[in-house]
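**Q** Model the full structure from these sequences, guided by the hints.
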Amino acid sequence: MAPIKRLFIANRGEIAVRIIRTARALGIETVLGVSRADSGSLGAQLATRAVVLGPAPSKDSYLRIGTVIEAARGTGCDAIHPGYGFLSENRELASACETAGLIFVGPTPDNLTAVGDKLTARTHAQAAGVPVVPGGTVTQAEDALALAQTVGFPLLIKAVAGGGGKGMKRVDDAAALPAQLDLAMAEAEAAFGDARVYLERFVTVGRHVEVQIISDGVTVLHAGERDCSVQRRYQKVVEEAPAPKLPATLRQGLCDAAVRYARHIGFRSLGTVEFLVDVERHEFYFLEMNARIQVEHPVTEAITGLDLVAAQIAIAEGRPLTLTQDAIRPRGHAIECRLNAEDITRDFAPCPGRVTQAWFPPLPGLRVDTHMVPGAMIPPFYDSMVAKLIAWGETREQAIDRMLTALDVCALEGVVTNLPLHRAILTDPAFRAGGVDTNYLAGLLPKLGDRT
Amino acid sequence: MAPIKRLFIANRGEIAVRIIRTARALGIETVLGVSRADSGSLGAQLATRAVVLGPAPSKDSYLRIGTVIEAARGTGCDAIHPGYGFLSENRELASACETAGLIFVGPTPDNLTAVGDKLTARTHAQAAGVPVVPGGTVTQAEDALALAQTVGFPLLIKAVAGGGGKGMKRVDDAAALPAQLDLAMAEAEAAFGDARVYLERFVTVGRHVEVQIISDGVTVLHAGERDCSVQRRYQKVVEEAPAPKLPATLRQGLCDAAVRYARHIGFRSLGTVEFLVDVERHEFYFLEMNARIQVEHPVTEAITGLDLVAAQIAIAEGRPLTLTQDAIRPRGHAIECRLNAEDITRDFAPCPGRVTQAWFPPLPGLRVDTHMVPGAMIPPFYDSMVAKLIAWGETREQAIDRMLTALDVCALEGVVTNLPLHRAILTDPAFRAGGVDTNYLAGLLPKLGDRT
Amino acid sequence: MAELTRTDIEDILKLIDGSDFDHLKLEMGELKLELRRRGSAPAMTAPPVPAPAPVSAPVTVAAPVTASGGGAEIPAPLLGTFWHAPRPGAEPFVKPGDVVTAETVVGIIEVMKLMNSIPAGIAGTVLEVVAPNGELVEHGQTLIRIQPA
Amino acid sequence: MAELTRTDIEDILKLIDGSDFDHLKLEMGELKLELRRRGSAPAMTAPPVPAPAPVSAPVTVAAPVTASGGGAEIPAPLLGTFWHAPRPGAEPFVKPGDVVTAETVVGIIEVMKLMNSIPAGIAGTVLEVVAPNGELVEHGQTLIRIQPA
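Chains as they are written, first to last, in my numbering: chain A, 1 to 452; chain B, 1 to 452; chain C, 1 to 149; chain D, 1 to 149.
Be a bit skeptical, because a hint or two may be false.
[Unchecked claim] Think about it this way: if two alpha-carbon atoms lie no more than 30 Å apart in a straight line, the pair counts; the simulated DSSO-like pairs of lysine-lysine are:
no. : chain 1 : residue 1 : chain 2 : residue 2
1   : D       : 113       : A       : 5
2   : D       : 113       : A       : 59
3   : B       : 5         : C       : 113
[As the list claims (entries may be wrong)] Chain A stretches covered by chain B per the calculated footprint, using a threshold of three residues with CB under 8 Å from any CB of chain B:
no. : stretch
4   : 13-26
5   : 298-308
6   : 350-364
7   : 398-411
Don't read these hints as lab results, they were simulated from the structure. From the three backbone atoms N, C-alpha and C, an ideal C-beta is built for every residue, glycine too.
**A** Listed below in structure tokens is the structure:
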């Protein structure tokens, strides 16, 4: 066990502040590596020390592994916390930490390899008995109908040699299959010189549900699930815990599968196993595992009372988990809104600039993770998230109402934000009913013009 | 019923921000009357509009009734919220509002008269059957022993014509009474030309416990009690709800008595009935009623989930209470620390100045009511309170631990504060055991030198 | 949110004092700072620096300061309703071009039916009556502008 | 917490541009702003204004700027360990008084065993080697000061 005394934070924005918060509570000093553009940020002010890694562009600062290692060593740090995004799942950084004698506050390099690419991750899932989207390769037309029996309809035909959705065909019933298959195989042959196609179940109504994993490599715990189905172009917008209207057996199945997966790969740290829940079939499929703290971790913290960053640090220090599965008892409901500096009336164009006012009301049950203060700069170089509002309530309805109050009362001036989008979602009957799927937001957006 | 559209706030500091918070949530516009010294304050920034009432000294700005009325009318307000302190319990302001056709967000002028001076308030308590400190006037030595039977020992002898503790004598038993009484009467005769003396029970071990009243003039509810025994020179430092280690019968007795008192005087608004709890005798005595929102109201909000300011506004608008006593179900424990800009190592000298950093961590269960932002000025003209930290927990211990984390993690720089005092109290075994009396803090202070 | 602290202003003053410059004019958003070395300006001498009320809020200052257009601004000594004339329909106390002494009444501020006469406080010629008739003036808000004699 | 925004600085520049002054020196806490009209200064001409990184943090700027003591400050082009000499015990690349060209190597910055040679970037005379040997330099931190030729 190696207690961390001085932690290098290789990140920025709200997550840097979030990590500093827990480090301060644990009596750990912090050094924040910042780009020039972030040298005046709240994180830089709150850290024990801030060092400039390089100029504003991420590739010249936040993404430079050597610079990060050098900065951590040169400032006397004994550990590196990578936050999320940037280098957080970079195997090379984790390995460089080992070489340099630094603790990487994250999983082992081997863990990162195991979850690093989709195909490897899927193979591990199958080996662990975790369901994946049913499908398979077809080389001859006669095999296809047999496979289609298993996969079900609708299904997708993809060229094995293809990618990026090119030449994908949706088939809704068995009658249409032979003709579509012939066509797809001919096209694949013509385009890639390889006629093999892949048949995969097409999920019409899917929900994005993920399970929080906490593991010291021996004890593997889950802290319940989060529903992140409200997405725009695969970007999560609103998250909540627990997942509303999820049948108990499905919920338990997800959590068990996530633990099974983590145990199978010998995962050691915080992580999240993401699933696609097939609403019509009451089934779920493994999507991927994120081997880092996630943006939406606070909704889990809100219902469990855990400090996930503290748990992550303790695991990195080599402490065995004292927490037990029974001691994790979720209570109430929590919802998170990602406030982004973007203009929803101009196709969500990012709106960098200087914030003139940033005040969030001290509402009971509300937590705001932000790096915004009056005068703070939102640089154009990074993502546009400026604050995460997390509302907790005894019930889902109470949590939503609290969030609406928070949105009404908060003052964030000087930049345009997506606050009206959140208000529209939270007042929308379909969302309030609970359990929307990943198509939901795309369907809501066209109606926004009338309301906002 | 007259819905308030635009509310004039005749106050400053954190309570101005607190009132603006609820007004924003209710869709009510706000005008903040500020002194010149406060024209750049957070409240002035967050209010719909701010007007300068006058120069910095309170008597030339916040305490000017005519100016406040004129400012409220001139800015199109239909109501005035007086906050706490300043004009909050000023009968003249309440009357002037009536005359000017403005809603006073507080009790009626008659209510204010009923609680305005100690003697009237005590008379009302007796009429309402609410216990007061036992005592009575003695004109002859022979009556004294009989009265002393009722009052009990120790008791205090005071000259009726005296005041301010002058010539007070503590008598610990009946044997000592005759001689002390003779002496006291002779001294009173010599000093004031009036030999009459007053005998009053002396409470050796007393706790300050108060009950939150919410009344629309017809329905009188209580929202439980608060313990404010941690005081320095009658200034509350730490408050909590519920009162720890208070026997259930005593708690019920306090709440019933408070409701009885409020009902007796036809009280209509938010108010607090303060009691002295005689720990050794398991009795309690009426002290006074505060006819306004109190500094420590958030601890009640934290355990009940109520928005007391919203309730106060609704009552002022003439809405009958829809809340019922049964619906108020306190849960968990809450504690409040008043962070003051004062130097506890220099006899609590106020430390006005400019705050360079003001950051409070978004800890679950923590609420911070403050008007501090980086660059905020703490003027030397008013009280030195800069923030109220309110921590809620399932248990008292959890609430205290959360508060300690908040104190460790928060960053309030540029001015000296009493934060070390709060840390000392919250880690002190006697306080953690719960149920300290009003002598507690005076006893703790001398030990602080060694610790801080 | 640019804000200068008292210390900042003092620092600037010290720098200007130690320099050869006669005139500094600084405009930063809401803040206008104009400094003129004594003797160099044609108008009245400026007071060293007004009291350091936070400059970010939309609040004018009370002490007479040099206005960009020249002349001294007479601030409201208290909050109330400003009246140009002693009663409705009467002639205003002053109008542009009038010559006043420090004692000349230039208006009335009413607070709760109490009428407060406002003297010019400085001798000169009225340039402009700034605050509208019958409306609320805040403490420190400019009532009239006077070109000092 | 005094902080000037980019707009503020541009406003100040505009004011100075429109004035007769040749030199403005402003010190506010951490911030030092020195402006000299082109042609009036004996030293190198100052760039219009450095990139507006927030000025409150204790971070020196990267682009060469006029130092109060005169001379140009050569900033670290990247973060790493700064070495005065090519190897321990060897003579330092440069010392005060040395005449350098823009290509003269003045030090090495080591990042993960990779040695990056740092050229002076400007011809002149070395005034001071500012950054200590063998210690971490941040991106933009001053390495050495040079009196331009």
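**Q** Verify this for me: three or more residues of the stretch 398-411 of chain A with a beta carbon less than 8 Å from a beta carbon of chain B.
**A** holds (count 4)
**Q** Per the coverage rule (Cβ-Cβ under 8 Å, at least three residues), is the stretch 13-26 of chain A covered by chain B?
**A** holds (count 3)
**Q** Taking a Cβ-Cβ distance under 8 Å as contact, does the stretch 350-364 of chain A have three or more residues in contact with chain B?
**A** Holds: 6 residues of the stretch 350-364 of chain A have a Cβ under 8 Å from chain B.
**Q** Are the Cα positions of residue 113 of chain D and residue 5 of chain A separated by 30 Å at most?
**A** Distance ~25 Å between residue 113 of chain D and residue 5 of chain A Cα, so the pair holds.
**Q** Is the hinted pair residue 5 of chain B and residue 113 of chain C satisfied, with a Cα-Cα distance of at most 30 Å?
**A** holds (25 Å)
**Q** Is residue 113 of chain D close enough to residue 59 of chain A, meaning Cα to Cα at most 30 Å?
**A** Roughly 20 Å between the alpha carbons, so the hint for residue 113 of chain D and residue 59 of chain A holds.
**Q** Apply the coverage criterion to the stretch 298-308 of chain A and chain B: a residue qualifies when its Cβ sits closer than 8 Å to a Cβ of the chain, and three qualifying residues are needed.
**A** That given contact holds, which follows from 3 residues of the stretch 298-308 of chain A lying within Cβ reach (below 8 Å) of chain B.
When the structure is compared with the earlier hints, no violation turns up for any of them.
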